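Undergrad: Read off the chains here:
There are 2 protein chains.
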Amino acid sequence: MEHLEYQEGRTELESLGEFALIDRLTEGFGRRHRSTVKGVGDDCAVLGTGKRKTVVTTDMLVEGVHFDMTYTPLRHLGYKAVAINLSDICAMNATPKQILVSVAVSNRFSVEALEELYAGIRLCCERYEVDLVGGDTSTSRVGMVISITAIGEVESDRIAYRSGARLHDLLCVSGDLGSAYSGLLVLEREKVTFQANPNFQPDLESYDYVLERYLKPEPRVDIVKLLAEKEIVPTSMIDVSDGLASEVLHLCRQSKCGCEVYEERLPIDYQTTRVCSEMSQNMLPVSNALNGGEDYELLFTISQSDYEKIKDSTEVHIIGHITEEGSPAVMVTPQNTTIELRAQGWKPVE
Amino acid sequence: MEHLEYQEGRTELESLGEFALIDRLTEGFGRRHRSTVKGVGDDCAVLGTGKRKTVVTTDMLVEGVHFDMTYTPLRHLGYKAVAINLSDICAMNATPKQILVSVAVSNRFSVEALEELYAGIRLCCERYEVDLVGGDTSTSRVGMVISITAIGEVESDRIAYRSGARLHDLLCVSGDLGSAYSGLLVLEREKVTFQANPNFQPDLESYDYVLERYLKPEPRVDIVKLLAEKEIVPTSMIDVSDGLASEVLHLCRQSKCGCEVYEERLPIDYQTTRVCSEMSQNMLPVSNALNGGEDYELLFTISQSDYEKIKDSTEVHIIGHITEEGSPAVMVTPQNTTIELRAQGWKPVE
Chain A
206 MEHLEYQEGR
216 TELESLGEFA
226 LIDRLTEGFG
236 RRHRSTVKGV
246 GDDCAVLGTG
256 KRKTVVTTDM
266 LVEGVHFDMT
276 YTPLRHLGYK
286 AVAINLSDIC
296 AMNATPKQIL
306 VSVAVSNRFS
316 VEALEELYAG
326 IRLCCERYEV
336 DLVGGDTSTS
346 RVGMVISITA
356 IGEVESDRIA
366 YRSGARLHDL
376 LCVSGDLGSA
386 YSGLLVLERE
396 KVTFQANPNF
406 QPDLESYDYV
416 LERYLKPEPR
426 VDIVKLLAEK
436 EIVPTSMIDV
446 SDGLASEVLH
456 LCRQSKCGCE
466 VYEERLPIDY
476 QTTRVCSEMS
486 QNMLPVSNAL
496 NGGEDYELLF
506 TISQSDYEKI
516 KDSTEVHIIG
526 HITEEGSPAV
536 MVTPQNTTIE
546 LRAQGWKPVE
Chain B
206 MEHLEYQEGR
216 TELESLGEFA
226 LIDRLTEGFG
236 RRHRSTVKGV
246 GDDCAVLGTG
256 KRKTVVTTDM
266 LVEGVHFDMT
276 YTPLRHLGYK
286 AVAINLSDIC
296 AMNATPKQIL
306 VSVAVSNRFS
316 VEALEELYAG
326 IRLCCERYEV
336 DLVGGDTSTS
346 RVGMVISITA
356 IGEVESDRIA
366 YRSGARLHDL
376 LCVSGDLGSA
386 YSGLLVLERE
396 KVTFQANPNF
406 QPDLESYDYV
416 LERYLKPEPR
426 VDIVKLLAEK
436 EIVPTSMIDV
446 SDGLASEVLH
456 LCRQSKCGCE
466 VYEERLPIDY
476 QTTRVCSEMS
486 QNMLPVSNAL
496 NGGEDYELLF
506 TISQSDYEKI
516 KDSTEVHIIG
526 HITEEGSPAV
536 MVTPQNTTIE
546 LRAQGWKPVE
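Protein chains in written order, with the working numbering: chain A, 206 to 555; chain B, 206 to 555.
Chain A with its partners taken away, still in its complex shape (with noise of 0.2 angstroms):
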């Protein structure tokens, strides 16, 4: 009987961010099949040994961490479940093909809110052309567990790995950061007022932007068409799940390169400014780009050479450019000043 839980000498997982801890577990795995074509570290595992290769990745969804169910409807739920990987699909510049979902609950759900959350799931499939072909429904003791597995295609020359940015690229985005964290701040809120008086209705058409961004997020599958259509290969990619900070950084350290992000040119709504200001005076607009999170917008470098393919472009904004190896992810502000950028850390919670 072992109880590896209570060891003494323990290292508690806190004191490990999330990315360390990975590397630390997945250590000392070899890579033995040449269909393995990469494996840990991106947004997407790429198999296959043709010219058309697979993409694959994963992502598990735990209620009461990365879901709240007493704001969350269940259909919007499953479509986001499903876009999320999807958009790590769309990460690599592949697109998406199919599913795999695997679900536990409790008996506190009934057949019907898992026909709720199964709907969420077929209107995202539907939407980006996609077939659920596997996966299993299991019981957990306590809440929901969703996780999802998504496939995707992508030609052998058209993947976008982390690791390819070079000196002088152009950093873009698309869409616009920080509204899906300003989504969750309403929300969240609105659950407080709700539970000091269950009978409060509360007004949240003015917010109707926000909130959709945070409860049903859309993969940029437009996104990697555009380029497509445009001719353009990203020299490197990564979609922003952790707020724009975090995913700059991965770019820079895979690709062993230095960026400067200029703040003016962030792309924040309207409706994120409001609800800054509405929260507090002290909460800038950009903190909430920068480390947010749960945008599910693409982050990627192209060429120089390519900027006039993309600069019309209404979804996609040139927010900076890489510089050399060595020098430090910035952001430079309107009044000329360069700050430096750090992630914000992962912490287990209980």
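Any given hint might turn out to be false.
Same chains, same names: a pair is fine if it fits in one copy or spans any two.
In silico SDA-like pairs for lysine to any residue, Cα to Cα no more than 25 angstroms straight-line [claimed, not checked]:
1) Lys461 x Thr398
2) Lys421 x Thr231
3) Lys461 x Asp341
4) Lys430 x Arg237
5) Lys430 x Ile473
6) Lys256 x Glu434
7) Lys396 x Val347
8) Lys514 x Glu410
9) Lys435 x Phe399
10) Lys396 x Phe272
11) Lys430 x Lys516
12) Lys461 x Glu530
The set of hints was computed from the structure by calculation and includes no laboratory data.
Note that the structure is predicted; figures quoted are calculated from it, not measured.
Assemble chain B onto chain A, guided by the hints.
TA: Here is chain B on its own, set in the frame of chain A:
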């Protein structure tokens, strides 16, 4: 603020079996891509447009439901979590190549505990020549959840679906049946003893085989190799995870046939028989074989013309044959009594 779980007119999860639930949840999902050869309904999805197909499966293990931390060493748990997914790959007559691993844990677990888990994952990867290519680590409020996706390869003309069994085919099973469940019975008994007297040191040596079968099952990659060497393509195949009876019924339902299983042909290990007699006078080893589950052996059918090729194998047992459509799946006892096989249901806990 929606609370779908408390809606009126709810259908309880218990009122449907696991498979009826999956059918209900996944109906209405179309198939859009030519590369989706087989979706939901077999041990794996089958993908790809070329001669060589990719097979994919995923499984989620939840603490307190699928494993009990009081008697499951984390290293064994990691090994088993991989093994049961590789078993699904084998059940398509395919060879496992890659896995992705997602783990959610509360901070009850230390980094060292997770390293133990990953040591087991690594051991299984090394033994079966599988590459770890992705996954994530996240937080859970309660306990541990492990979700693994496994990917394998198989030539189109060697794939074994559940649906291919034909009249007069021979029904075969690898290894032995009921031993894993016997191991679980021993562990549950020792847990009760341990809880009553924590200083009690159980003598588990004489149960080594059944304990190993439960704690550290082996996917039958060797049987897939054997079948290739003998130039046998099974007409149908499934892995035995929920007990022989349940799996036989799956094969018969999907192949639209009946079958006769001979009780005296069921491979049952001596320790399995001994555990049964210790537990209760009424516990029959054959019941463990039919309903115990977690054997992770391969159940398959072969053409009678392949009989000579396999009859001398010590690892494959011919336990019956396929009967015509419309006839039931039955077990024939040594006394020549015929018993209709029934699957045990799936029940959500809590």
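Undergrad: Evaluate each hint against the coordinates.
TA: Right, here's what the structure says about each hint:
1. Taking the shortest Cα distances, Lys461 and Thr398 never come within 25 angstroms of each other, neither inside one copy (47 angstroms) nor across copies (57 angstroms).
2. In this assembly of identical chains, Lys421 and Thr231 lie within 25 angstroms of each other by CA distance solely across copies; the values are 21 angstroms between and 32 angstroms within a copy.
3. Taking the closest pair of Cα atoms, Lys461 and Asp341 come within 25 angstroms of each other only across two copies (23 angstroms); inside a single copy the shortest separation is 40 angstroms, beyond that limit.
4. For a Cα distance limit of 25 angstroms, the shortest separation of Lys430 from Arg237 across copies, 18 angstroms, qualifies, whereas the shortest one inside one copy, 33 angstroms, does not.
5. Proximity of Lys430 and Ile473 under a CA criterion of 25 angstroms is satisfied intra-copy only: 23 angstroms inside one chain copy versus 57 angstroms between copies.
6. Taking identical chains as interchangeable, the C-alpha atoms of Lys256 and Glu434 lie at most 25 angstroms apart only when both belong to the same chain, with a minimum of 20 angstroms there against 30 angstroms between chains.
7. In this assembly of identical chains, Lys396 and Val347 lie within 25 angstroms of each other by CA distance both inside one copy and across copies; the values are 21 angstroms within and 22 angstroms between.
8. In this homomeric assembly, Lys514 and Glu410 never come within 25 angstroms of each other (Cα to Cα): the closest approach is 37 angstroms inside a single copy and 71 angstroms across copies.
9. In this assembly of identical chains, the alpha carbons of Lys435 and Phe399 never lie at most 25 angstroms apart, being 48 angstroms within a copy and 67 angstroms across copies at closest.
10. Proximity of Lys396 to Phe272 under the C-alpha cut-off of 25 angstroms is restricted to the intra-copy arrangement: shortest distance 13 angstroms within a copy versus 35 angstroms between copies.
11. In this homomeric assembly, Lys430 and Lys516 come within 25 angstroms of each other (Cα to Cα) only inside a single copy, at 16 angstroms, whereas the closest approach across copies is 56 angstroms.
12. With identical chains, the CA atoms of Lys461 and Glu530 are at most 25 angstroms apart within one copy only, with a shortest distance of 6 angstroms there and 64 angstroms across copies.
Consistency note: the structure conflicts with the earlier hints numbered 1, 8 and 9.
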